[in-house]
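Based on the hints, put chain B in the right spot on chain A.
2 protein chains.
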Amino acid sequence: MGSSFEERKDNKNDFEDYFQIDEWRIVEKGFSPDKNRFAESVMSLGNGHMGIRGNFEEHYSGDSLQGTYIAGVYYPDKTVVGWWKIGYPEYYAKVPNAADFIGIDVEIGGERLDLAQWHLEDFKRILNMQKGVLRREFTAASPEKDNRIEVSVERFLSLARREVAAISYSITPLEKPVDISFSPHIDGNIRNEDANYDEIFWEEVDRGVHSGGGQLTLRTKKSEFNVATAMRSELSGLQVEEGTGIEREPIERKKFIAENIQVSAERGQEINLTKYIGVTTDRDYKKERTAARAEDRVREAASCGYDGLLDEHVGEWQEIWRDNDIKIEGDKKAQQGIRFNIFHLNQTYTGHDPRLNIGPKGFTGERYGGATYWDTEAYCLPFYLNSKDDEIARNLLLYRYHHLDKARENADKLGLDGALYPMVTMNGEECHNEWEITFEEIHRNAAIVYAIYNYIRHTGDRQYLADYGFEVIAAVARFWSDRAHYNPRRDKYMIIGVTGPNEYENNVHNNWYTNRMAVWCLNYAFDVKNYLEKEHPERSEKLLSRLELTEEELERWRDITEKMYLPRWQEREIFEQQDGYRDKKLDKVSDLDAEDLPLNQNWSWDKILRSPYVKQADVLQGLYFLSDQYDRETKKKNFDFYEPRTVHESSLSPCIHAVIAAEIGYPHKAYELYLRTARLDLENVNRDTEDGLHITSMAGTWMAVVEGFAGKKAEGGELSISPMLPESWDSYQFHLNFQNSLLQVSISESGIDVELIGGDPLTLTIYEDQHRITRDSPAEVPLSGGEKRNG
Amino acid sequence: MGSSFEERKDNKNDFEDYFQIDEWRIVEKGFSPDKNRFAESVMSLGNGHMGIRGNFEEHYSGDSLQGTYIAGVYYPDKTVVGWWKIGYPEYYAKVPNAADFIGIDVEIGGERLDLAQWHLEDFKRILNMQKGVLRREFTAASPEKDNRIEVSVERFLSLARREVAAISYSITPLEKPVDISFSPHIDGNIRNEDANYDEIFWEEVDRGVHSGGGQLTLRTKKSEFNVATAMRSELSGLQVEEGTGIEREPIERKKFIAENIQVSAERGQEINLTKYIGVTTDRDYKKERTAARAEDRVREAASCGYDGLLDEHVGEWQEIWRDNDIKIEGDKKAQQGIRFNIFHLNQTYTGHDPRLNIGPKGFTGERYGGATYWDTEAYCLPFYLNSKDDEIARNLLLYRYHHLDKARENADKLGLDGALYPMVTMNGEECHNEWEITFEEIHRNAAIVYAIYNYIRHTGDRQYLADYGFEVIAAVARFWSDRAHYNPRRDKYMIIGVTGPNEYENNVHNNWYTNRMAVWCLNYAFDVKNYLEKEHPERSEKLLSRLELTEEELERWRDITEKMYLPRWQEREIFEQQDGYRDKKLDKVSDLDAEDLPLNQNWSWDKILRSPYVKQADVLQGLYFLSDQYDRETKKKNFDFYEPRTVHESSLSPCIHAVIAAEIGYPHKAYELYLRTARLDLENVNRDTEDGLHITSMAGTWMAVVEGFAGKKAEGGELSISPMLPESWDSYQFHLNFQNSLLQVSISESGIDVELIGGDPLTLTIYEDQHRITRDSPAEVPLSGGEKRNG
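As given, the protein sequences belong to chains A and B, one line each in that order. Counting with this note's numbering, you get residues 126 to 916 for the letters of the first sequence. Counting with this note's numbering, you get residues 126 to 916 for the letters of the second sequence.
Quick caveat, the hints were computed from the structure, so don't treat them as lab data. Incorrect hints may have been included.
When chains are identical, the list treats them as one kind, so a pair holds in a single copy or across two.
[Stated by the list, open to error] DSS-like cross-link-like pairs, simulated, lysine-lysine; straight-line CA separation at most 30 angstroms: (1) LYS210 to LYS538; (2) LYS617 to LYS710; (3) LYS347 to LYS203; (4) LYS688 to LYS732; (5) LYS160 to LYS210.
One chain only, chain A, in its complex shape (with noise of 0.2 angstroms):
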């Protein structure tokens, strides 16, 4: 009957070798036109202002989704429903695909360059994630084979000048002199793949295009957006002086502007078109001004020269390698994975702009819309605080704090008090259109709370609570009040139809996970209430005025967190996830058969909604949050009930279940989990990634190895880890940066080793033990177990 899911993986993943393996590098060796589209995926760059699929620069007229995607610029999709519920939104707001600016259409000899009619002789596209730069090389020969040329194209998203990209394009003629033709162009003539009405979310705006180069500004309809790209062009490689024997001739027409630049080339003279491009917005600049601040971009960037910006750019690669880097030694699978996973957080949200976050596929596709889910709090936060400067997660919770005034309106529309926040946003206004999601996954709301509190505790920054933390924390507070009932007859505190963080039930009466939250919400807003009489005592006279926070409603919350019904099953000395769970067929996974799995392409949804098979991690996910407050054997008993009943069809499952894993003594477990999402892009685990990268789960996959293998807890601000070595490697190293201080964590069968790198010195706990540790003074700490931790 069952099947384990190594069987499972081992049936049908021809996607597993396509890339070679390397340790900084994501090598496509030899192209398979059939897997571009997940090619593309992985290739993606992207700097935080704006991302690009990884298509190519010339024409190609075979299968390839076209990407470019610019940070905070969405479009309001109508709604598409079938039967409509009050609450529901009337759009949904999708990262539109907007003007291409790659494009470098090229004709050799009057033919035109088109990988899917050439003959390719060989093939590389190279992602170089320490350099953050794509790369691709090819000889390619014409359709009737009297041309054959090698071509080498480089391309980067400057991280040094956000607005800035670069392409260089070199081509030389391998067997006789010939006319090249480059075509470098902005094209507005684009479309989403995921258009609910197939509509065109772009108009144009203004156009210029000389000698040199050019721009195209486009406005989003209905949101109004005006997004600027200029791009300016120049020849190298040429043995006559530079500027003569050169055509070049604008081309513009309805959303689009080229230059086209003849040039003629001996053979084995490498030509090369150096493309320079601007990108701004009016997020950034005044409407009459983005234009002008785009052709400024580009120029200052030809000034510069592409050296110049790619050395900047790999500079701000290198510092960020120094920080974030995980090293693994001994599994350069491991290595790969883990780097690829850094690599797309680091180029998806850099926490420059507090009004940006981090979208479920970053810079890489269009599915899912929005940009905000509560992916961010949950999963991706904690990478942020332990690896970049505290501003960076500040800004996280800045964007929830910014949005709180419409988080209160969403909780209006249902007919409640206090703030909701969405289930998916773009602006903080509600996007999502499932009433079992939209009006019922309120857990979401905990996790908001639950960021300021972890942000708190690893950073020591409690004036946010006064500045801005105590207004969130407090609205959320007042929701759970209201959306909580008094059931007299049991003397308690009930929440019904909700939806826990395990899709695969709706409409459930008492969510474990969902009161738990709640209650832990509550008690969390009177610490914090409590903190702020006592340090901030005037500011907190004026906050509780201004909320108009009566006796009489404390009461109620204290009431709650008192009397709150959290569903226990007693026999099995577990929580049970809602009310009611216990009641169904109790299956496992290792039940199924092979082919039901996933569930979710192969079963009707009422079989899976009266299953007792799990999403994703839900009891699990509240004993995960809340940890310090259980014990390892309220953990193991729980993880042993629900574990086997969770199918992990969201990435966002097997994190979450590794690092309970790995801290109950499950080493084996843990990494077995460790490995679903550690590659799950890059070999395409879920058939999916053709539709973009899974960013909020590669967070998940840091906290595996960080939380989980190296059992790293801040618990009361304490920083503590308790390492284990996963079998297959030799060693590992991170950073930690934790309040005033960053450490580096070595982990290999030697031993631990802690040093501190900067700021101050702490004490940390390494498994039960406290160490001092100073500049002078790293701690040395033999490995608990060794190997028999993983065995």
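Same frame as chain A, but now just chain B:
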């Protein structure tokens, strides 16, 4: 806080007195353009084969919902859904608005008659329910007031010749002689307002027009139903010899045919145009003959003449009223209301074609699509069973029998054995696409079986079980057996993840009604199996072998009947609607503010779901169906608990409550509930009559009178009545068709009088006592409790 239904109703209903009170007619006196759609719905005509809304024949530029519908003809409109779930249907079968055949454009002295532009001096639109005729009379002056005419129009859809309609259109110039131009036409350029993607549903197949008439044949796209509409027009009232002095000009264009007929009329001279219409479909004829048959129909009709056709038609209605009428004395409003309901039920479904069924809006609007809901079995069948020949009800049963294979496919799609009848269907395939309904509202399956049981006990036609019934019963039993699971912890079977009749709860566990009816179905399957084995051993053996019913399977069925979990709330001595219902905040409807109602127009869906409010009879639906298995006390306790929490936001709800209220001695409550649907559409109580009439709930009104006030039951195949007399009525009278007897039941203050007016003598229980009723010995019994029963 609270407010009664009556108060709320008084607050806002400006439709209440729109039509004049008349025992046999619906009279609209004076024209209100803003209520035109409402009046058009009320004034709909139908004859089982086709139907038309009360639209005007002549051009009307004001607001109107043009509606012409042909029974059994549907268009598969591509599904709209926000979030696709496995198992959803690809399309929603919709009744397409068909070619408008009533159209007769009129010009008077070159000015087009248009009631939105002309000055109306008086206006009457009268639906004569006794005769099944719609009549309009008005005097109108042209915009410049230089023409003034008197118009009277009459039309009907023949009950005697179902493919024929006839219109008599008369004009009398009032001021001066004028040229009159008639343009009778057939217009296929129509759309559905509720088309999902604004598609045009029809394409032209053929057309032809000549002096005297023509035909237009259209075909629905995708489903490819051919519908031919032919017309023929005759003038009369001319002083010159017929046919002279008249100019006739055929006109045709794409999907449109017309004839322009010009004639001069003296002041005071009434000119009459009679338009005969024939409508045929390839459901009844070969595609290539459909048009010719439509032309045959108009030729035959014309040779019969308008008056001859009308006589035939009125004769049919006389027969219907003889058998179907409910006479109420002392309350004209009630009389009009009940006749309106009976009239439309007879217009919608005549039982002549087992491929047809009863759409929730009949032929009066576009909404809901599909033709068949569980409404048919649960609410409509009793009306047809008790007041029509047995064959009519039998055809309703056969409709489902013919869809059995599709119901098997439907269950298989959800991964289940046996058969699951669709929530909404036209041809047996599921059309609905809300997971909580489509996949979870599975109780509908029980109603299909219950209808068979109900049919047998009313007709005694047990042969039906052998021929058709058992196959359906066994397939449904098999579904229940697979859908229930055994819970070893409680040693009970459970059915989880369902939506009960109360659609204001979704995805609940152990809905009492669903579980109870599942057990009932399984028990009935055994009863029928035993009967067949005894009375039809050969057929029985064949059937059991064909259905592959093993002893093992039957053992499971038996086990389920013995161990089904049926939630009870012990302390309150009631059945619990579903697991966890008692944990809700158990407010009553009287706790609501008036502006909260109806909830489905004012509350977000999650608020409705977590409220205690019941949309329609749920536990009480079970007590109604299985009335003989529960005592009065049980009914009373459950009614007392659930009724005050029921918002009756389905028009199907009050009738069930009325029947039970009457039985348990709440006559005032019964009458109040009866009133909620008796004039539902006549007074536009739900503010949606403009979309069409609530056809299926009309049968509920009949039920409230006969099963409620008169207390008619058929328990164990024995007829009984237990009448009360509503306070404001002097008397009421109806017929009952039961097994081989036809009874006339009269109830007044002076007593109950039951006469045998057809068929065999029978034994009837009145209150507690049995009466043998023959042709010569009617029963005469005093009214029990007299007026006190309504006190």
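Going down the list of hints, with the structure as the test:
Within a single copy, LYS210 and LYS538 get their C-alpha atoms as close as 12 angstroms, and across copies as close as 27 angstroms, so both meet the 30 angstroms cut-off. For the homomeric pair LYS617 and LYS710, the shortest alpha-carbon distances inside one copy (28 angstroms) and between copies (12 angstroms) are both at most 30 angstroms. In this homomeric assembly, LYS347 and LYS203 come within 30 angstroms of each other (Cα to Cα) both inside a single copy, at 10 angstroms, and across copies, at 27 angstroms. Proximity of LYS688 and LYS732 under a CA criterion of 30 angstroms is satisfied inter-copy only: 22 angstroms between copies versus 34 angstroms inside one chain copy.
In this assembly of identical chains, the alpha carbons of LYS160 and LYS210 lie at most 30 angstroms apart only when taken from different copies (27 angstroms versus 40 angstroms within one copy).
Checked against the numbered hints above, the structure breaks none of them.
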